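K.L.:
The lines below spell out each chain.
Protein chains: 2
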Amino acid sequence: MSQVQELLSRELKVLLRTRECEERKLYIRICIELHMVAGPVHKKDMVIRLTDDMDPFFLYNLVVSEEDFQSMKIQQGLLIDFSAFPQKFIDLLCQCIQEENKAAPRFLLQLSSNSALGSSVAQLDVIETNPFKHLTHLSLRLLPANDLEIKNYLAACLKYIKDEKNVLQQTLNKTVEDLNQKLLSTQQ
Amino acid sequence: MSQVQELLSRELKVLLRTRECEERKLYIRICIELHMVAGPVHKKDMVIRLTDDMDPFFLYNLVVSEEDFQSMKIQQGLLIDFSAFPQKFIDLLCQCIQEENKAAPRFLLQLSSNSALGSSVAQLDVIETNPFKHLTHLSLRLLPANDLEIKNYLAACLKYIKDEKNVLQQTLNKTVEDLNQKLLSTQQ
Numbered sequence: 001m002s003q004v005q006e007l008l009s010r011e012l013k014v015l016l017r018t019r020e021c022e023e024r025k026l027y028i029r030i031c032i033e034l035h036m037v038a039g040p041v042h043k044k045d046m047v048i049r050l051t052d053d054m055d056p057f058f059l060y061n062l063v064v065s066e067e068d069f070q071s072m073k074i075q076q077g078l079l080i081d082f083s084a085f086p087q088k089f090i091d092l093l094c095q096c097i098q099e100e101n102k103a104a105p106r107f108l109l110q111l112s113s114n115s116a117l118g119s120s121v122a123q124l125d126v127i128e129t130n131p132f133k134h135l136t137h138l139s140l141r142l143l144p145a146n147d148l149e150i151k152n153y154l155a156a157c158l159k160y161i162k163d164e165k166n167v168l169q170q171t172l173n174k175t176v177e178d179l180n181q182k183l184l185s186t187q188q
Numbered sequence: 001m002s003q004v005q006e007l008l009s010r011e012l013k014v015l016l017r018t019r020e021c022e023e024r025k026l027y028i029r030i031c032i033e034l035h036m037v038a039g040p041v042h043k044k045d046m047v048i049r050l051t052d053d054m055d056p057f058f059l060y061n062l063v064v065s066e067e068d069f070q071s072m073k074i075q076q077g078l079l080i081d082f083s084a085f086p087q088k089f090i091d092l093l094c095q096c097i098q099e100e101n102k103a104a105p106r107f108l109l110q111l112s113s114n115s116a117l118g119s120s121v122a123q124l125d126v127i128e129t130n131p132f133k134h135l136t137h138l139s140l141r142l143l144p145a146n147d148l149e150i151k152n153y154l155a156a157c158l159k160y161i162k163d164e165k166n167v168l169q170q171t172l173n174k175t176v177e178d179l180n181q182k183l184l185s186t187q188q
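Taken in order, these protein sequences are the chains called A and B.
With my numbering, the residue at position 135 of the first sequence is 135, and numbering never jumps.
With my numbering, the residue at position 145 of the second sequence is 145, and numbering never jumps.
Simulated from the structure, these hints should not be mistaken for laboratory data.
All of these numbers come straight from a predicted model, not from anything done at the bench.
Glycine included, C-beta positions come from ideal geometry on N, C-alpha and C.
Keep in mind that the hints are not guaranteed to be accurate.
[Unchecked claim] A short list of chain A residues far from chain B (calculated; beta carbon distances all over 12 Å):
| id | residue |
| --- | --- |
| 1 | TYR27 |
| 2 | PHE57 |
| 3 | GLU99 |
| 4 | VAL121 |
| 5 | ILE127 |
| 6 | HIS134 |
| 7 | LEU138 |
| 8 | ASP147 |
| 9 | TYR153 |
| 10 | CYS157 |
| 11 | GLU164 |
| 12 | THR175 |
| 13 | LEU183 |
| 14 | GLN187 |
[Said to hold, decoys possible] Which bits of chain B does chain A cover? Going by a derived footprint, with three or more residues having C-beta under 8 Å, they are:
| id | segment |
| --- | --- |
| 15 | 29-40 |
| 16 | 154-163 |
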């Protein structure tokens with residue numbers, strides 16, 4: 001039995017740095033989910049997914065288990081527990097969102113990749129820039145998805161957008177009907 | 001330089017036969033395309049694709065080159081040329097469409113697969129049933145697509161349905177605007 005809880009799914013402005021091209025800003029969708037597996041041992045994973053609404057093949061994943069978090073905590077000198085981590089990450093993202101339209105944002109998201117082809121690890125950093133220096137608050141390493149993962153992701157997107165389209169079609173039908181009704185009763 | 005010409009894309013009722021389960025009828029989308037590659041040697045391939053609008057992972061492909069057609073012609077005793085083959089296949093499908101809601105169709109499409117998991121070759125037959133016997137007019141062997149092909153197919157579907165959804169949204173906006181305008185001018 002696996003349960004998925006979505007904590008965040010929204011587009012954020014990201015500074016993209018690759019070896020091949022100059023820095024550029026683009027919008028990336030960041031999705032944060034908690035995957036809970038019930039069983040003899042209760043297991044909770046935090047899943048971070050980067051996608052691009054304009055590019056169906058752009059998909060990076062990071063699964064952080066409690067154990068992964070412990071080593072991340074030591075490496076990056078974090079002071080919080082695993083249970084507090086998702087909300088802390090969301091708070092950092094919100095600080096980036098607040099600053100994303102400023103010419104010199106104090107908080108920004110930076111995505112670094114060594115390959116423009118998307119075939120290698122990407123690093124997502126939350127960086128604060130103060131008058132003195134750049135401070136990296138958090139650094140996450142994400143893996144590009146393989147064909148199987150992209151296939152599953154696109155199937156989910158397709159289902160979602162088909163449902164949205166059906167709702168829209170129903171709204172259109174209902175609206176035309178209602179307004180024609182109104183028009184008819186007004187003309188009489 | 002490659003050019004794609006779509007000749008047909010529609011859902012057809014198919015009789016599904018698998019080793020694991022009983023016969024059942026379902027709708028399968030059949031798409032026929034001509035892929036033309038210009039270059040030192042002009043090359044034309046006929047591409048046949050089976051998909052299921054309800055199942056994003058159902059995808060079978062067959063690419064028929066001029067050479068493939070020559071061996072198919074000998075094996076199946078066909079009397080037409082490669083250039084006439086696409087239209088002849090479409091004609092056969094039309095005969096199936098005309099009969100598809102009949103209890104005892106004279107022409108029917110049969111899809112046979114050895115595995116319900118879709119991991120093996122599928123055979124698509126156009127079968128005529130007369131009082132005396134079953135006659136197979138055409139027999140095509142299609143391969144299940146791999147993850148890369150499904151990924152590309154789903155990305156194309158997603159783009160198509162996004163465009164459709166946008167058109168629908170514009171229609172809704174325009175309709176509401178027009179009818180409100182009419183309503184307003186009628187009330188005055």
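K.L.:
With reference to the structure, classify each hint as holding or not holding.
P.N.:
Results for each hint:
1. TYR27: 16 Å, holds
2. PHE57: Violated, since 7 Å does not exceed 12 Å.
3. GLU99: Non-interface label on GLU99 of chain A holds, nearest chain B Cβ at 30 Å vs cutoff 12 Å.
4. VAL121: 20 Å, holds
5. ILE127: With a cut-off of 12 Å, ILE127 of chain A remains clear of chain B, as the shortest Cβ separation is near 32 Å.
6. HIS134: The claim holds: HIS134 of chain A sits with its nearest Cβ about 36 Å from chain B, beyond 12 Å.
7. LEU138: Since the minimum Cβ distance to chain B is about 31 Å, LEU138 of chain A lies beyond 12 Å and the statement holds.
8. ASP147: 4 Å, violated
9. TYR153: 9 Å, violated
10. CYS157: The claim breaks: CYS157 of chain A does not keep its Cβ more than 12 Å from every Cβ of chain B (closest is about 6 Å).
11. GLU164: Answer for GLU164 of chain A: violated, closest chain B Cβ roughly 6 Å.
12. THR175: 6 Å, violated
13. LEU183: Answer for LEU183 of chain A: violated, closest chain B Cβ roughly 6 Å.
14. GLN187: 6 Å, violated
15. 29-40: Since 0 is below three, the answer is violated.
16. 154-163: holds (count 7)
In summary, the numbered hints that this structure violates are 2, 8, 9, 10, 11, 12, 13, 14, 15.
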